[in-house]
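So you can see what is in the structure, the chains are spelled out below.
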Amino acid sequence: MLEISNLVCRYGKVTALKGISLKVPAKQLVVLVGANGAGKSTTLRAISGLVPAASGKITFDGEDITGMSAGRILSLGIAHCPEGRRVFSQMTVLENLEMGCYLRSDSKGIASDLDHIFSLFPRLAERRRQVAGTLSGGEQQMLAIGRAMMSRPKLIMFDEPSLGLAPNIVAQTFDIIQGIRESGTTVLMVEQNAYAALDMCNYAYLLEAGTMALEGPGEKLINDPHVREAYLGAGLAHA
Amino acid sequence: MTVAATGAPRPILAIEHVAVHFGGLIAISDMNFVVNEGELVSLIGPNGAGKTTAFNVITGFLKPTKGQVTFKGQSLNGLKPHEVTSLGLVRTFQRTSVFEKISVFDNVLIGLHRRTSASLFGTIFGLPRERRQEKALREEAWEILRLVGIEHQADELGGSLPYGDQRLLGVALALAANPSALLLDEPVSGMNASETGRFVALLNKLRANGKTILLVEHDMPMVMGISDRIVVLNYGRIIANGTPKEIQNDPDVIQAYLGQGVKHA
Amino acid sequence: MKRLLPYIAVAFFASVPLWLQDQYFLHTLVVTGIFVIAAMSLNLLLGYTGQLSLGHVAFFGIGAYVSALTSLGFSVEIFGLQITHEPWPAVIGVLFGTIVAGLCGYVIGKLAFRVRGAYFVIVTISFAEVVRLVSLNWVELTNGPLALPGIPPLTLGFEWTGYATLWGKAQNYYVVLATIVLAYILIKRLVNSPYGRAMIALRENETLAVSVGISVTKYLVLAAVLSGAMAGVAGGLYAHYIQIIDPMIFMFLNTVTMVIMVITGGKGTLAGPLVGGLIFGIAPVVLRSYVGPEVQWILYGLLMILIVFVLPQGIVPAIERWFTRKGGSASASKPAGLVLESSKGARS
Amino acid sequence: MDQLFQHLVNALIMGGTYALLGIGLTLIFGIMRIVNFTHGELYALGAYMMYFFATVLGLNFFVAIAFAIVAGMAMGSVIEFTLLRPKRGADIDTTMLLMIGAWIVMQNAEHLIWGGIAKSIPSPLPEAPLVIGPVSISWLRVMVLVVSVVLIAATYFLINRTKLGKAMRATFQDGGTAALMGVNVNAIYTTTFALGSGLGAAAGALLGPVFVVTPTMGDLASLKAFAIVILGGLGNITGAAIGGFMLAVAEEIGAGYISSGYRDAMGFLIIIIVLLFKPTGLFARSERIG
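Residue numbers (numbering that gives the first Met the number 0), protein chains in the order written: chain S, 0 to 238; chain L, 0 to 264; chain H, 0 to 347; chain V, 0 to 289.
The hints are simulated quantities; they were obtained by calculation from the structure and are not laboratory data.
Fair warning: there could be bad hints in the mix.
Straight-line alpha carbon distances no greater than 30 Å define the calculated DSSO-like cross-link-like pairs of lysine-lysine that follow [as the list claims (entries may be wrong)]:
no., chain 1, residue 1, chain 2, residue 2
1, L, LYS62, S, LYS12
2, H, LYS109, L, LYS79
3, L, LYS65, V, LYS277
Residues of chain H clear of chain L, computed beta-carbon distances all greater than 10 Å [to be verified]:
no., residue
4, LEU140
5, VAL209
6, GLY212
For each residue, glycine too, the CB sits at the ideal point set by N, CA and C.
If we strip away everything but chain S, and leave its shape as in the complex, we get (with noise of 0.2 Å):
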C-alpha cells in the first residue's frame, strides 16, 4: 500500500535519512522501531509532506505522492498523529476533532465519525466542550487519535503513541491502536517502547542512524540481540 525506496532526507547540513526503503502492506501493522535521533520521526514526516525529501521516492496505492503538499497526501488517506499529540490546546475537543476532519465536507459522514469516536472514547465524549489542554495526557492521547481517524484515512501513521505516559495508559492506547488495524486500517508506527510495538506488530523496520539495520516480522526481531544493542550500546549481546 505505502513504499518507500531510497528516501534521503537532510535538515540543513544534517543527512537524517541515508536512503531507507520499506513498505506497508495494506491491513498490516507494521512498526518502524530505533533508538533516538534514528530518523523514525523523519520518515513518517516525509511521508506526510511534512520534511521534502532530497531523494528517492514514496508512493501511496501505487501514486507517486513525492513532493505532495500535505493536504493533498492527507487527502488520498494518509493520517499522521504526531509525536507528543500536539492537540489544540486553545480549543475544545469537539473543535478538535473537526480539525481532524478539515478536508471532509460530507456532513452527515462527519457525524457519524464523530458518534463513532465518542462511542469509541467515552471519556471524549463526556468533555466535548472542555479545552484540550485541560485533559490529561491519557485523555489528550484518545483526542489526537480520535482527530487523525476523523480524516477516514486508510493508512495512519502514530509518532510514539507512547510518549511521556503512565504504563497502564500505554497499555490502554497500544489495545486502541491494535483495535483500529483490527478494523481495517493500516497502520504504520513509530515507537521507542520496542518491545510492546514488536509484540504486537506484523512486521518491524529497525533504523539506525539513519539507515535500515534489519527488517523480519515482529517476533524474529524481539530475539534478535541486535535490537537491544541498537538501544543499549554494544558489549551487551552475550549478556
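For chain S, the structure is supplied; the task is to place chains L, H and V on it using the hints.
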C-alpha cells in the same frame, strides 16, 4: 561508590527531592542524586524521561516546584542562570551550542566573560590595566582552543564549522567560564564515529584535569565506555543508579528502554 | 589600506570647509553629522544588543530640550511651587541634556529587561509619543507648539582662555566632526572589550550568553544608557546649532530616518551608521530639486523594503565581503559579516 | 454626574471603533507574529475610500462603507502577498522593518494622491442629535456604534463558529499540526492579514465622517491600536475588544477631567503602566511551558 582511589568521595553537586510540574503534567518527581568531585556521571533515560528538564533545573533555567539543588554546599534556589555559572557550574546546550555568526576565537573570548574585571571607564579610555587584561584574555582563549583542538579554525565563523567541531567549540565556550563542574547536554548526538572519538578523548583530558562532568547522552556505547556512574531516569523518576555494568544488567533499565511485553529476556 | 581608511576619511572631512563654497551644503553636512551621531547611538542598541528602539528620537529630543532650557532658563510652577532657573552656559546645557537622556535610557533599559521583542518596540514608541505630547502641552515650560526660539550657540573655552562662541557653520561643523570621531572611538573600544562582546553575545543567542555568565539586565541597561546619552549629545548640538526647537523634533519620522540610516549602512558595524547617515543626510538635498517631499519619502520607504530584501546586512558588510573576495587570501582569513575585531594583531 | 454620562456614552461610541482597530491588529499578530505598522494606514485608507465612494462618487453611505472595507482587505492581501509571503519565517525585526517601509510608502502615497488638505465626508443622517435625558448623541455616532458592534459580532462569529475561524485558531496555536490536518497555512495567513486589514479599514470608514480625513490620521490610529492590543494581551481577540472600550473610557475621562491636550497621551501611559506591572496584558492566560 566508584570514585578513584584518592580518598573518600566528596559530593560537589547534590540534587535533593527535586520535583517539576508543568500544570497537571509531572516532568520530574522527587529526584535525588549526587555527583562527586572529579566524577563523570551520565544521566540517561528514554525520550521524555525528564533529562533535559533536570538539566534546566540544575542550571537555574527552570525553577523546581519542590526540592533544591546544592553546588559546593551552596543552595542554587532562586539563582539566575548567569549567577549559577558564576559559581562554577556551567552547561552546554543540545542545539544552540555556539554563537554561529561570530568567529571561533571570539566565541571563546565571550566565554571568558566571567574572568574579566575591566571597568567601563578604563575600557573607554583605553587604560593600561584594561589593555593588559585584554591581552591576557586573548592568550587564554588560544590556550583553550588548543586544549579542545580547534585552534587552526580560530578565524572561521562558529556556524561554519563541521558539526563535530561545533560541539567541541561549545565545550570550549563552557570551559572558558572556568567551571569546576561541566554539564553536557547530548554532546555527541549527530556526530559520526570519528567525531565521537575525538570528543571522548577531550572528555578524558578534562577528567585528567580534575573537572567534574555530568552528561546527558543517548549514545550508549559512549556512555557505557566513559562513565564512572550512570543515573537512569524514567517517567521523571530515578530507576537506577550504578556503574555501567550494573546498569546494563538492570532489569528495570532494560524494561524502561525496550518496554514491557517480553516474555523472554 | 583598511587601517588607513578612517584617518583618510577624517582628513578629508576636516578639509571640507576649506574648499566648500556652498554654505547651504555645509549646513546640510552639519545637520547630517548630528543625525549621524544619533544613528551611531541607535546602532549601539539596535546593532549591538539587537533591541529595536523605535522611540529613539525621544532621547535626541530630550537632549535638545534639556540643553536648550538649561541655557535659556525657565520659570515654571509645579504643584504650587515656583521653580526658576537662571540661564547657564550652553556647554553645561549639553552636558545636562546628555545626563538626562542617559537617565531616560536607564529607565527604558530597565523596561527592556521585562519586555522584549514586539513589546519593547511598542514601549519605546509610546515613550517617545508621551514625551512629544508633554512637550506640546506643557506650554509654560516648552512654549508648546510655538517653539523655543533664541537658543544661544555653543561657547567653548575656559575662564583663563576666554570663550569662543560658535556662530559660524564651519565652527559648528568641526565640533560635530570631533564629536563623531570621539563617539566612533568610544564605540569601537566598547565593542572590542568584554562589554561589547557581552552585548553581541546577548544579541546572537541570549540563552547561550547567559550560560557563560553574562547578565542580561546589566548589559542591556548599560547599552541603553550609553545609547540614550549619546543621542542626547546629538540633540544638544542640534538645539544650539539650529537655535530653535519645537515638538516636531519628536516626530516618529525622525526615528525612522535614524533606523533607515543604520539598517542601510549596516547595523552592528562601526562604519554602518556613518555611511548610511551620509547617504540619507545628503540624499534629500539632492532629491529636493527633482521631486517633492512625498515622493522622497516614498522612495525612502521603498528603499527600506528593498534593503531588507536585497542587502539585509546593509552596505558596509556587503562592501567588505566584496573586498575580501577580490582581495584574495591575504586578508581573507577574516570572514565577512564578522562583528568583532578578530584575534591576533588587533589592538584595542 | 450628567457630564459623566455624556463622557461614558462618547467613550462607548469611540470604543466600538477602537475595538475594531485592536481586533484587526491583534488577529494579525496572534496568527502571523507580525507587528503591523501599516495598520494605521489601512485605517486611513478606509477613510479615504469612504470619501471617494460616498463623497466623490456619491454612492449610498452604507454601500460606501462596504466598499471601503473591501478595499482595505484587497490592500491587505497585496501587502501580505508581496512583502510578507516571501519573508515567511524571517525574524520579527525583519518583518517589522518591512512594515515600517510599507507604512511610509502608503502614508506618503495618500498625501500625494489626495493632497494635504483635510477632507470631510458629509453624512446623510439627520443633523439633530438624539437626546436621551442629559445625554445627547449625533445620529451619525449612533450609526458608527451600531455598525462597529455588528462588525465585531460578525468577526467573533467568523472566528469561533466557522470552519475558517477554526482553521485560523488552529494555525495560531500550532501551525505545523494545522498543516497536518490539511489546512493550507499560507492561505490562512493571507486571509488573516486581509481580514485584519479590513477591520482597520472599517474603523477608518466609520470615523472618517465623524472627524475629517487627513494623510497622517493613521499614525495615531496605529499607536492607539498598539495600546489596545497590549491592554488585551497580544493575540487575544476578546482582550482587544475590551481593551478598545477601556482605552476609549480612559481617553474620555482623561480629556474630560485632566486636560484635553493629554487625551491622546492616555493610551501611551496605559501601555507603559500595563507593561510595567503585567507585561502579558490584562487578560492574558498564564502561559504554559513545555
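Quick rundown of the hints versus the structure:
Proximity of L:LYS62 to S:LYS12 is assessed by CA-CA distance (about 35 Å); at most 30 Å being required, the pair is judged violated. Taken as a hint, the H:LYS109 and L:LYS79 pair is honoured in the structure, with Cα atoms around 17 Å apart against an allowance of 30 Å. About 26 Å separates the Cα atoms of L:LYS65 and V:LYS277, which keeps this hinted pair within 30 Å; it holds. Every CB of chain L is more than 10 Å from the CB of H:LEU140 (nearest about 33 Å), matching its label as outside the interface.
A cut-off of 10 Å between C-beta atoms contradicts the statement that H:VAL209 is not in contact with chain L; the least separation is 5 Å. Against chain L, the non-interface label of H:GLY212 is violated: not every CB pair exceeds 10 Å, the least being about 4 Å.
When the structure is compared with the earlier hints, violations turn up for hints 1, 5, 6 and for no others.
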